[in-house]
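Protein chains: 2
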Amino acid sequence: MLEEIPDLKSMSLEELNALCDELRNKIVDTVMKNGGHLSSNLGMVELTVALHYVFDFPKDKVIYDVGHQCYTHKLLSGRADKFDTLRKFGGISGFPKREESVYDCYNTGHAGTSVSAALGIAKARDIKGEDFNVIAVIGDGSFNNGLVYEAFNSVSEINSNILIIINDNHMSISPTVGSMHEYLEKLSAESEQRAKKKRHETIFERFGLSYDGVYDGNNLECMIAKLTEIKEKLHDRSIILHVLTKKGKGYLYCEENPQETHGITAGSGRATEYSEVLGRTLSAMAESDKRIVAVTAAMTPSLGLSDFFEKYPERSIDVGICESHAAVVCAGLAVEGMKPYYAVYSTFLQRAFDQVIVDICSQNVPVTLCIDRAGISGSDGETHQGEFDLSFLSFIPNLTIAVPKDGDEFRQMLLASAHFGAPLAIRYPKDCIHKFGGAPFVFGEWEKLRDGDDFAIIACGERMISLALDVSRRMAEEGIDCCVVNARFVKPMDTVMLDSLQHRHIVTLEDNALIGGFGSLIDSYYSESGKIIKNFAYPDEFIPHGSVRELISKYGISVEGVCSYIKNNADR
Amino acid sequence: MLEEIPDLKSMSLEELNALCDELRNKIVDTVMKNGGHLSSNLGMVELTVALHYVFDFPKDKVIYDVGHQCYTHKLLSGRADKFDTLRKFGGISGFPKREESVYDCYNTGHAGTSVSAALGIAKARDIKGEDFNVIAVIGDGSFNNGLVYEAFNSVSEINSNILIIINDNHMSISPTVGSMHEYLEKLSAESEQRAKKKRHETIFERFGLSYDGVYDGNNLECMIAKLTEIKEKLHDRSIILHVLTKKGKGYLYCEENPQETHGITAGSGRATEYSEVLGRTLSAMAESDKRIVAVTAAMTPSLGLSDFFEKYPERSIDVGICESHAAVVCAGLAVEGMKPYYAVYSTFLQRAFDQVIVDICSQNVPVTLCIDRAGISGSDGETHQGEFDLSFLSFIPNLTIAVPKDGDEFRQMLLASAHFGAPLAIRYPKDCIHKFGGAPFVFGEWEKLRDGDDFAIIACGERMISLALDVSRRMAEEGIDCCVVNARFVKPMDTVMLDSLQHRHIVTLEDNALIGGFGSLIDSYYSESGKIIKNFAYPDEFIPHGSVRELISKYGISVEGVCSYIKNNADR
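So the sequence lines, in the order shown, correspond to chains A and B.
According to the numbering used here, the first sequence is numbered sequentially starting from 1.
According to the numbering used here, the second sequence is numbered sequentially starting from 1.
Calculated directly from the structure, the hints in this document are not laboratory data.
Only a predicted model underlies this, so the values are computations on that prediction, with no experimental measurement involved.
Just to be clear, a hint being listed does not mean it is correct.
Copies of one chain are not kept apart here, so a pair can be met inside one copy or by any two copies together.
[Claimed, not checked] List time: in silico DSBU-like cross-link candidates among lysine-lysine, alpha-carbon distance up to 30 Å: (1) Lys-534 x Lys-448; (2) Lys-554 x Lys-448; (3) Lys-290 x Lys-231; (4) Lys-128 x Lys-311; (5) Lys-491 x Lys-554; (6) Lys-448 x Lys-246; (7) Lys-290 x Lys-186; (8) Lys-290 x Lys-82; (9) Lys-59 x Lys-290; (10) Lys-430 x Lys-491; (11) Lys-531 x Lys-491; (12) Lys-448 x Lys-531; (13) Lys-567 x Lys-33; (14) Lys-9 x Lys-233; (15) Lys-290 x Lys-128; (16) Lys-88 x Lys-531; (17) Lys-534 x Lys-233; (18) Lys-534 x Lys-491; (19) Lys-233 x Lys-290; (20) Lys-531 x Lys-567; (21) Lys-233 x Lys-33; (22) Lys-491 x Lys-246; (23) Lys-9 x Lys-246; (24) Lys-311 x Lys-435; (25) Lys-290 x Lys-246.
Using the sequences and the hints given, assemble the complete structure.
The following block contains the structure:
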């Protein structure tokens, strides 16, 4: 049925239910091959079909919060024939993308933006005097995020009607934590009584929203009836519809393992991961060091901290998808002498940017940021790449930034961090492949991995150290000697080492944007020297989805690219 | 009484009330001389005296949200003798500062952090097995901020008892907007009935907090009694105490003009301000261009937009202190064809960092950020300086960054922005003093203000253009010819101009941090050229309070500093 955009409105309930089965099979088949978000998408099939049955897209607008539940929406809006390219380089994205389809009205990727965006879109509609419906679909995990509260708080100020659907599956990536979650549960439990008698005002009505719930979001007939009824009411009010869905619905393994199947990685065989090193090392350290506290914002397992949380529950805090709050809690812990480790994906740390500056660094308190998925992270695309963290951290006073060259050095850095009395950021990618060996770790100093008089290659992080060593070997075969430096601290830089490099030619390699990145620090350091410096880093554009290897090569950061530059400039 | 730390606990109510009068006089006298936050501090006198009477500081900890209400606290904790240095360069800060006193346990400056910080501190206390009270004092304006909701949401997860005092004066800087504010008002109105009969559960109880209110925060006797009672209960629960205070209390002019007297600038005679140019220009543009919408986060008057809001209420949105949300609303407006202008102070834009990247720039929608108080902003100190925005914006793809050289150029940029179809940031300081004249504005191009073959000075923004011209005149007297370039776009840079500069020596001037700032872009652009480049910008440290002039000179960005460099390097 999915070859073209199906005409849902002409279909019977039976046909629609058959369509749901077909969609579900297509999603499972594709995700098993390409990787992607499985259980969140499986839970949304019926609700999405009902939305497309009742509303008129693309005239009406729907915004999927975070966006990792939009596969059915994509399949129903003319992208079924390209669905086998999902998350592949050059293929369709796993998230809503305006540039991909007029059915995607707003790009998402980070949690909690859907209600604010819906209010903006609805306000534009009202200013222009147009007539269409605006719907935000938001999971209970995102619901903890402060942005949602800020949006609720301005519903009456902005005064443009929208429909908010809470897709409540009791999970974000980890099980949902927090009081708002408990409150949603309470509403679900009370639902039956509420139908019968006069009920308490809900928290949502205090914000000027009509609340309607709780309904079974996996029951297509029920969803169609409810959305049809609500659609009529949207002309004179904003409504919040609370539905329950089952994460992983229709695929038993997912239903039973929603956390493990939230994200599926394509292909089998996991490399060791930096997150495992973090979890193992921090657990060992916490045994004797009672000051150590681990803080996360809803990603505990993927950050490698499940065991820590189990072993030290009283020193483990998962605040839900509240990255800003987590940073301030860490600062509060630190001013009272604790040693907090805040583990967070690079891209989500952007949410705590102001708090890292004001609460952590301007107070100069010893919070350690463990920044996972730094650099290119791959198939999730623009909103999940970690290519900006060196740029947005390097100018913050008082912050030390470390970039380990391998898992062993990461472990050494963590051990050393226990005695480090100031803000520290350690950034690392997902996979931890190499063991470069080398001199024992000395805090604050770079490391020369190879001597060479012709070019100095200063590289940052495992992927780039590996590249630098490959390049230096290849160049040696051609008679060009390259020195290779492991810049394991982006800040402070090792100025003794920098001053000792007598090379006219410097090459920098980093897994970060060019502007404001490591290379630009080197450019500025040498700006009065007259040296010739070439920076290899990502250009000034958002990096799409694809494999890590494909994307890094796309930007010329490869053995061929670097060797070619060196050969062409060797005689300059 | 204030010569040393007064022993409040031994004082009678009459003596305490007399102390309140003395404190109030001291605050009024000092702020009238030094500038500062007047009405917010006057409203807090009795509540702060009561806190110091009932609790045991510094063993107990109090965190003042935003921090612009801490003057009484400072006067009661040993800083009365230095109070006449308030906000002066080298004097005491207008905000809580740990480095200033053990009575200041947590630095604040940006809204909404107090509850998260209190939870962190209380959690540390419980992990260590210590016994003290932790109090967050937060205004109703901050209360709109999403951070507070995130903190509430984790009260039960973190499970460490704190006292939260809502200091409700119905104002942030502008009158408080938003539903939470209306809800607080409703609670106040219901207060009397609630005392008599069984009341509804408040929103706070849904988060696991005991709610107690509303009481008169300017009634010392009442506050002492209430806090004494609550102190006993903090051993087994977290409590939220809701008090009403009068902003500007005890000083009639302030009581009647709380908005105008929120911040007092020392000295009389205002220069023209960029904010006035913004308001006037945008109002004129909006007359014919119905797509224009102005968006603020609680600072409408200081951003120059009061008239716009009055003239175009249907195209004006003040979301309260919710900078992240404001950015997403703008993106939503823009995807539907509106032309939003988001006016915000540089330092507070840090709160919308992720949304500027993900919602505005990765979607490449035409939102214009009007970034006020950029560069050094003066007497509010570390948490209010705007010296980072070029660093945190310049690496964001799709974003154009403009820095006008004077008010006329700012106006031209605003006019040109109407036809600019992508994200745009315009950054400017408060005062607008010069009129440099010059060629008609051409979008995307720099401007050569003066020719000269010896050094090229590339300068960014009014303060630096003025400095560059002064330097070039002084150097000309000594026979050194300096070319002066107005880099009115930090991004994209004018590469045609850059390539045309044949000078061996380049000097960059900017009102921003060195790292990641404008100069570092020049360093990187010329990194393969062998040119000798000197960057004048702020060093890698937080900039304290003081006058703009004092602070800029402190960092050597002065006629003397730049001339000295040029003379010393002219023969190199």
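Hint check results:
1. Taking the shortest alpha-carbon separations for Lys-534 and Lys-448, both the intra-copy value of 19 Å and the inter-copy value of 28 Å come in at or below 30 Å.
2. Only within a single protomer do Lys-554 and Lys-448 lie at most 30 Å apart by alpha-carbon distance; the minimum there is 28 Å, versus 37 Å between protomers.
3. Taking the closest pair of Cα atoms, Lys-290 and Lys-231 come within 30 Å of each other only across two copies (29 Å); inside a single copy the shortest separation is 55 Å, beyond that limit.
4. Taking CA atoms no more than 30 Å apart as the test, Lys-128 paired with Lys-311 passes between copies only; the shortest distance there is 18 Å, against 57 Å inside one copy.
5. Within a single copy, Lys-491 and Lys-554 get their C-alpha atoms as close as 28 Å, and across copies as close as 24 Å, so both meet the 30 Å cut-off.
6. Within a single copy, Lys-448 and Lys-246 get their C-alpha atoms no closer than 54 Å, and across copies no closer than 64 Å, so neither meets the 30 Å cut-off.
7. In the homo-oligomer, the alpha carbons of Lys-290 and Lys-186 never lie at most 30 Å apart, since the shortest distance is 36 Å inside one protomer and 45 Å across protomers.
8. For the homomeric pair Lys-290 and Lys-82, neither the shortest alpha-carbon distance inside one copy (53 Å) nor that between copies (39 Å) is at most 30 Å.
9. For a Cα distance limit of 30 Å, the shortest separation of Lys-59 from Lys-290 across copies, 22 Å, qualifies, whereas the shortest one inside one copy, 57 Å, does not.
10. In this assembly of identical chains, the alpha carbons of Lys-430 and Lys-491 lie at most 30 Å apart only when taken from the same copy (22 Å versus 32 Å across copies).
11. In this assembly of identical chains, Lys-531 and Lys-491 lie within 30 Å of each other by CA distance both inside one copy and across copies; the values are 21 Å within and 25 Å between.
12. Taking the closest pair of Cα atoms, Lys-448 and Lys-531 come within 30 Å of each other both inside a single copy (19 Å) and across two copies (27 Å).
13. For the homomeric pair Lys-567 and Lys-33, neither the shortest alpha-carbon distance inside one copy (41 Å) nor that between copies (66 Å) is at most 30 Å.
14. Proximity of Lys-9 and Lys-233 under a CA criterion of 30 Å is satisfied intra-copy only: 20 Å inside one chain copy versus 60 Å between copies.
15. For the identical chains of this complex, Lys-290 and Lys-128 are inter-copy neighbours only, at 9 Å across copies versus 60 Å inside a copy, given an alpha-carbon limit of 30 Å.
16. Taking the shortest alpha-carbon separations for Lys-88 and Lys-531, neither the intra-copy value of 40 Å nor the inter-copy value of 43 Å comes in at or below 30 Å.
17. Taking the closest pair of Cα atoms, Lys-534 and Lys-233 never come within 30 Å of each other, the shortest separation being 61 Å inside a single copy and 64 Å across copies.
18. Proximity of Lys-534 to Lys-491 under the C-alpha cut-off of 30 Å is found in both arrangements, the shortest distances being 20 Å within a copy and 20 Å between copies.
19. With identical chains, the CA atoms of Lys-233 and Lys-290 are at most 30 Å apart between copies only, with a shortest distance of 29 Å across copies and 56 Å within one.
20. With identical chains, the CA atoms of Lys-531 and Lys-567 are at most 30 Å apart both within one copy (17 Å) and between copies (22 Å).
21. In the homo-oligomer, the alpha carbons of Lys-233 and Lys-33 never lie at most 30 Å apart, since the shortest distance is 42 Å inside one protomer and 58 Å across protomers.
22. Proximity of Lys-491 and Lys-246 under a CA criterion of 30 Å is satisfied in neither setting, with 46 Å inside one chain copy and 47 Å between copies.
23. Only within a single protomer do Lys-9 and Lys-246 lie at most 30 Å apart by alpha-carbon distance; the minimum there is 25 Å, versus 59 Å between protomers.
24. In this homomeric assembly, Lys-311 and Lys-435 come within 30 Å of each other (Cα to Cα) only inside a single copy, at 29 Å, whereas the closest approach across copies is 66 Å.
25. For the identical chains of this complex, Lys-290 and Lys-246 are neighbours neither inside a copy (39 Å) nor across copies (45 Å), given an alpha-carbon limit of 30 Å.
In summary, the structure is inconsistent with hints 6, 7, 8, 13, 16, 17, 21, 22 and 25 from the numbered list given earlier, while agreeing with the others.
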